[in-house]
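Single-letter residue listing:
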Amino acid sequence: GAVVSQHPSWVICKSGTSVKIECRSLDFQATTMFWYRQFPKQSLMLMATSNEGSKATYEQGVEKDKFLINHASLTLSTLTVTSAHPEDSSFYICSARDGTAIYEQYFGPGTRLTVT
Amino acid sequence: RKEVEQDPGPFNVPEGATVAFNCTYSNSASQSFFWYRQDCRKEPKLLMSVYSSGNEDGRFTAQLNRASQYISLLIRDSKLSDSATYLCVVNANTGGFKTIFGAGTRLFVKA
Chain A
1 GAVVSQHPSW VICKSGTSVK IECRSLDFQA TTMFWYRQFP KQSLMLMATS
51 NEGSKATYEQ GVEKDKFLIN HASLTLSTLT VTSAHPEDSS FYICSARDGT
101 AIYEQYFGPG TRLTVT
Chain B
1 RKEVEQDPGP FNVPEGATVA FNCTYSNSAS QSFFWYRQDC RKEPKLLMSV
51 YSSGNEDGRF TAQLNRASQY ISLLIRDSKL SDSATYLCVV NANTGGFKTI
101 FGAGTRLFVK A
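Residue numbers (the numbering used here), protein chains in the order written: chain A, 1 to 116; chain B, 1 to 111.
Hints in this document: simulated from the structure, not taken from any laboratory. There may be inaccurate statements among the hints.
Unchecked claim - Here chain B is said to cover these stretches of chain A; the calculated rule only asks that three of the stretch's residues, wherever they fall, bring their Cβ under 8 Å from a Cβ of chain B:
# : segment
1 : 38-44
2 : 104-112
Unchecked claim - For lysine to aspartate or glutamate, the following EDC-like pairs were computed, each having C-alpha atoms within a straight-line distance of at most 16 Å:
#  : chain 1 : residue 1 : chain 2 : residue 2
3  : B       : K98       : A       : D98
4  : B       : K42       : B       : D7
5  : B       : K45       : B       : D7
6  : B       : K98       : A       : E104
7  : A       : K41       : B       : D39
8  : B       : K98       : A       : E59
9  : A       : K41       : B       : E5
10 : A       : K55       : A       : D65
11 : A       : K66       : A       : D88
12 : A       : K41       : B       : D7
13 : B       : K45       : A       : E104
14 : A       : K64       : A       : D98
15 : B       : K45       : B       : D82
Since the structure is predicted, the reported quantities are computational estimates derived from the model, not experimental observations. Backbone N, C-alpha and C fix where the C-beta goes; we use that ideal spot for every residue, glycine too.
This is chain A alone, in the form it adopts within the complex (with noise of 0.2 Å):
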């Protein structure tokens, strides 16, 4: 299958700094790519879509001044956290559709982020 990779795997930071995640989608263009954020026990939650290109499209109750989306080329998308928090802490995963087959989903392998 496609292969989908995110850099950090894990990053811990201070209250108060900025963080960026890198999805990279490998062997394919990712004409769309997903951002979840996932707490312990709990599902998936999307927090945005992002087309190449594009502005990002957030969902309800994610704030997009806090959480800057960049999908920049057909290969890269970045999430940029804003003066996190120590709630913001969380394994946020990434994933990317290839305009070919708009069901199928490629997830990256997760990014787990601690604020302290």
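We have chain A; now place chain B onto it with these hints.
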């Protein structure tokens, strides 16, 4: 009501047992359905797609009932390695592509 509902479990079963998971969805316009498996602290991995005609992959059988908006996953001859969380996933393309994940059902297979 949640858009995709699953029994959270956990299901504790012995090796070799048969176990069934259920899932219901509320959006009648949903178009595609999947079961994913998620191991602890890992990303979800696609287990199988679900079709109205039913589909089988080795020990795993998935079924979809569109009239009842119900999806099932049956695991036969459970292995220790089947221990994981199983996520029911529903896609709809109503005013935009939308994927909804169920909260997952935890399975523990014991020796």
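Structure-based check of each hint:
1. Coverage of a stretch by a chain is defined here by at least three residues with a beta carbon nearer than 8 Å to that chain's beta carbons; for the segment 38-44 of chain A and chain B the count is 3, and the condition holds.
2. Check result for the segment 104-112 of chain A against chain B: holds, 7 residues qualifying (beta carbon to beta carbon below 8 Å, three or more required).
3. Taken as a hint, the K98(B) and D98(A) pair is honoured in the structure, with Cα atoms around 15 Å apart against an allowance of 16 Å.
4. Under the criterion of a C-alpha separation no larger than 16 Å, the hint pairing K42(B) with D7(B) is inconsistent with the structure, at around 21 Å.
5. For a cut-off of 16 Å, the pair hint linking K45(B) to D7(B) is broken: about 19 Å separates their Cα positions.
6. Straight-line distance between C-alpha atoms of K98(B) and E104(A) comes to about 12 Å, which keeps the hinted pair within the 16 Å bound.
7. Proposed proximity of K41(A) and D39(B) is supported: the alpha carbons are some 12 Å apart, at most 16 Å.
8. Taken as a hint, the K98(B) and E59(A) pair is honoured in the structure, with Cα atoms around 11 Å apart against an allowance of 16 Å.
9. For the given pair, K41(A) sits about 15 Å from E5(B) by alpha-carbon distance, which is consistent with the 16 Å threshold.
10. The suggested pairing of K55(A) with D65(A) holds, with an alpha-carbon distance near 12 Å, which does not exceed 16 Å.
11. Using a Cα cut-off of 16 Å, the hinted pair K66(A) and D88(A) holds, with the two alpha carbons roughly 10 Å apart.
12. With a C-alpha separation of about 13 Å, the suggested pairing of K41(A) with D7(B) holds against the 16 Å cut-off.
13. Taking the CA atoms of K45(B) and E104(A), the gap is near 11 Å; set against the 16 Å cutoff, the hint holds.
14. The hinted pair formed by K64(A) and D98(A) fails the criterion: a straight-line CA distance of about 25 Å is larger than 16 Å.
15. Restraint check: the Cα-Cα separation between K45(B) and D82(B) comes to about 13 Å, which is no more than 16 Å; the hinted pair holds.
Checked against the numbered hints listed earlier, the structure breaks hints 4, 5 and 14; every other hint is satisfied.
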